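*Asks:* Letter by letter, the chains look like this.
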Amino acid sequence: MKALLICPNERTGVAALAECVPLANVSILGKTLVEYWLEHLAGLGAQEVVVLAADRPDEVRAGIGDGARWGLRVIVKSDKRERTLEEARTRHQASDHTSWLPAPNDVTLMDNLPGLPQLPLFTSYADWFAVAQALMPHAWTPDRIGVRELKPGVWVGLNAHIATGAELIAPCWIGERAWIEAGATIGPSAVLEREVFIARGAEVSHSIIGPETLVGQFTEIRNSIAWGSTLVNWQRDSCLKVPDSFLLCSREPRRARPVPASTPAPVQAPVSGTASFLEYVSQLLT
Amino acid sequence: MNTHILNPYSEQFGHFAIARSTLERQCLTWGVLWRRWLLRWRVRSDAMIKRAGDIAGSIAFLIFFSPLYLVLALLVKLEDRGPVFFSQTRTGRFGKKFQMYKFRSMRLDAEAEFEKLLAQNQHADGVTFKMKNDPRITHVGKWLRRFSLDELPQFVNVLQGNMSLVGPRPPTPREVMRYTLPDRRRLAVKPGLTCFWQVGGRSNIDFTGQVKLDVQYIESAGFWVDIKILLRTVRAVVVGTGAS
Numbered sequence: 002m003k004a005l006l007i008c009p010n011e012r013t014g015v016a017a018l019a020e021c022v023p024l025a026n027v028s029i030l031g032k033t034l035v036e037y038w039l040e041h042l043a044g045l046g047a048q049e050v051v052v053l054a055a056d057r058p059d060e061v062r063a064g065i066g067d068g069a070r071w072g073l074r075v076i077v078k079s080d081k082r083e084r085t086l087e088e089a090r091t092r093h094q095a096s097d098h099t100s101w102l103p104a105p106n107d108v109t110l111m112d113n114l115p116g117l118p119q120l121p122l123f124t125s126y127a128d129w130f131a132v133a134q135a136l137m138p139h140a141w142t143p144d145r146i147g148v149r150e151l152k153p154g155v156w157v158g159l160n161a162h163i164a165t166g167a168e169l170i171a172p173c174w175i176g177e178r179a180w181i182e183a184g185a186t187i188g189p190s191a192v193l194e195r196e197v198f199i200a201r202g203a204e205v206s207h208s209i210i211g212p213e214t215l216v217g218q219f220t221e222i223r224n225s226i227a228w229g230s231t232l233v234n235w236q237r238d239s240c241l242k243v244p245d246s247f248l249l250c251s252r253e254p255r256r257a258r259p260v261p262a263s264t265p266a267p268v269q270a271p272v273s274g275t276a277s278f279l280e281y282v283s284q285l286l287t
Numbered sequence: 006m007n008t009h010i011l012n013p014y015s016e017q018f019g020h021f022a023i024a025r026s027t028l029e030r031q032c033l034t035w036g037v038l039w040r041r042w043l044l045r046w047r048v049r050s051d052a053m054i055k056r057a058g059d060i061a062g063s064i065a066f067l068i069f070f071s072p073l074y075l076v077l078a079l080l081v082k083l084e085d086r087g088p089v090f091f092s093q094t095r096t097g098r099f100g101k102k103f104q105m106y107k108f109r110s111m112r113l114d115a116e117a118e119f120e121k122l123l124a125q126n127q128h129a130d131g132v133t134f135k136m137k138n139d140p141r142i143t144h145v146g147k148w149l150r151r152f153s154l155d156e157l158p159q160f161v162n163v164l165q166g167n168m169s170l171v172g173p174r175p176p177t178p179r180e181v182m183r184y185t186l187p188d189r190r191r192l193a194v195k196p197g198l199t200c201f202w203q204v205g206g207r208s209n210i211d212f213t214g215q216v217k218l219d220v221q222y223i224e225s226a227g228f229w230v231d232i233k234i235l236l237r238t239v240r241a242v243v244v245g246t247g248a249s
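First to last, the sequence lines map onto chains A and B. For the first sequence, the working numbering begins at 2 and goes up steadily by one. For the second sequence, the working numbering begins at 6 and goes up steadily by one.
Chain A extracted, bound-state conformation (with noise of 0.2 Å):
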């Protein structure tokens, strides 16, 4: 059986998540939303999936691999621009001959999660940040492996950190290997991904870290989607680029693609003179 997932290439609504790494990539919970399809092709049976994609193919590519960890056989074709379910079918499957899934799961844009048809992902950033507060009660399914339940409403991932002074209140979610200091405050609806570190004495409340994110002591993120030093305020769709890395950066600085330059620039938080300067050593270090 055979079915084709459609990667969403540009979305203004949330662009910045889209600046590191392409949109079928972002994490969600720990998984990225091209995972959560290929499982649930799985899940359906489907043996062979076409994956279509516009924005950096390869590193989607990467980060599927061939698809033998979920027993498929996966293909993912670069494609010049995004195509439409009718598009997809025309061009792909009228001219394939093998057996396809039936019909609501044979073509598939990821403009949702599986089993949440009703959520829309990208339109803005209050979106995403509501299908995330969607996903967590249900995000503990029985292939992840290592996710405890510290009390309700409080997931923990794998090798994650928690000093006994952090504060954590439910509901909220700690990714893998996340490290989290004493006298931090965690929750409520807050969503840490893998890898993140929140210095002591940090708030993180109605937000989203993403992955490899250090958040600086005493950094208070509240309604906001942060990831490396980009901020977004999801409630007021406003974008802006911290720069002090100790309060908000990224584990791997260098790796972080610039803006492109089909998005609006972001807006330069005003910086003072110490700022500037402990940004000009930092720059000097790293």
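Note that these hints are calculated values from the structure, not bench results. Certain hints may be false.
Below, in silico cross-link-like pairs of lysine-lysine (DSS-like), each with a Cα-Cα straight-line distance of 25 Å or less [as the list claims (entries may be wrong)]:
#: 1; chain 1: A; residue 1: Lys3; chain 2: B; residue 2: Lys217
#: 2; chain 1: A; residue 1: Lys32; chain 2: B; residue 2: Lys102
#: 3; chain 1: A; residue 1: Lys3; chain 2: A; residue 2: Lys78
#: 4; chain 1: B; residue 1: Lys147; chain 2: A; residue 2: Lys152
#: 5; chain 1: A; residue 1: Lys32; chain 2: A; residue 2: Lys3
#: 6; chain 1: A; residue 1: Lys78; chain 2: B; residue 2: Lys107
#: 7; chain 1: B; residue 1: Lys101; chain 2: A; residue 2: Lys3
#: 8; chain 1: A; residue 1: Lys32; chain 2: B; residue 2: Lys217
#: 9; chain 1: B; residue 1: Lys101; chain 2: B; residue 2: Lys82
#: 10; chain 1: B; residue 1: Lys147; chain 2: B; residue 2: Lys217
What follows is a set of in silico ranges between Cβ atoms, one per label pair, in the way DEER data are often shown [to be verified]:
#: 11; chain 1: A; residue 1: His162; chain 2: B; residue 2: Lys101; range: 24 to 32 Å
#: 12; chain 1: A; residue 1: Glu150; chain 2: B; residue 2: Leu83; range: 23 to 31 Å
#: 13; chain 1: A; residue 1: Pro118; chain 2: B; residue 2: Thr177; range: 33 to 41 Å
#: 14; chain 1: A; residue 1: Asp59; chain 2: B; residue 2: Thr177; range: 47 to 55 Å
Only some residues are given here: those of chain B computed to face chain A with a beta carbon under 7 Å [what the hints assert, rightly or not]:
#: 15; residue: Leu33
#: 16; residue: Trp39
#: 17; residue: Arg40
#: 18; residue: Arg41
#: 19; residue: Leu44
#: 20; residue: Val48
#: 21; residue: Arg49
#: 22; residue: Met53
#: 23; residue: Ala226
Being a predicted model, the structure only gives us computed values, none of them experimental. Backbone N, C-alpha and C fix where the C-beta goes; we use that ideal spot for every residue, glycine too.
Please arrange chain B on chain A, whose structure you already have, making use of the hints.
*Replies:* Using the frame of chain A, we list chain B on its own:
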């Protein structure tokens, strides 16, 4: 990194980290670098230590026991003049296939006879295959299996990087085809020579029990757990429990 001072206006503004001199600013910046280094080390150290241990352990074992390898190879060769080693396709990490080496313990026509014997499978769930008094096993093979000596060439697999010293046993592709999604969790780490269930009941555990133990291993994995399993494996091999 004790450079932060609580702000006197904390009631109003919350807490801040304040740097009041060049030195304190430097300390804040170095603090970020230290945290980055800590995270990087945390992410990579486990895999690095395990791989280093695998390489060192397998090289040491191969050199130290090379006379034993020669004797065993000679015995297998002398019995029926067939090949010494037997390689089989197994499934590694994330479903990647590789060739696993063993000393040959079955007759040359063993694979052909396999389909006939499937009906006599002892494992009721049908995912794995095991039977007592398999007629395909040679006399030398019986003794090799009794003391798990047929597994010794797998140290070469460890050196190649397909396997690790400690980890879930690598399943055959035929078994993996029947795996459910939760069963696939045991493919999340490199397969190994020994794991919890070899140390415990060995072949006498059913498939769901195996998966449960494998996942338990993946969740608890660490340097000392590996050492403990290796030591208990040595004991189990010497005593020879459960392999028959």
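*Asks:* Report the numbers of all earlier hints that the structure fails to satisfy, in ascending order.
*Replies:* 1, 4, 6, 9, 10, 12, 14, 16, 21, 22, 23
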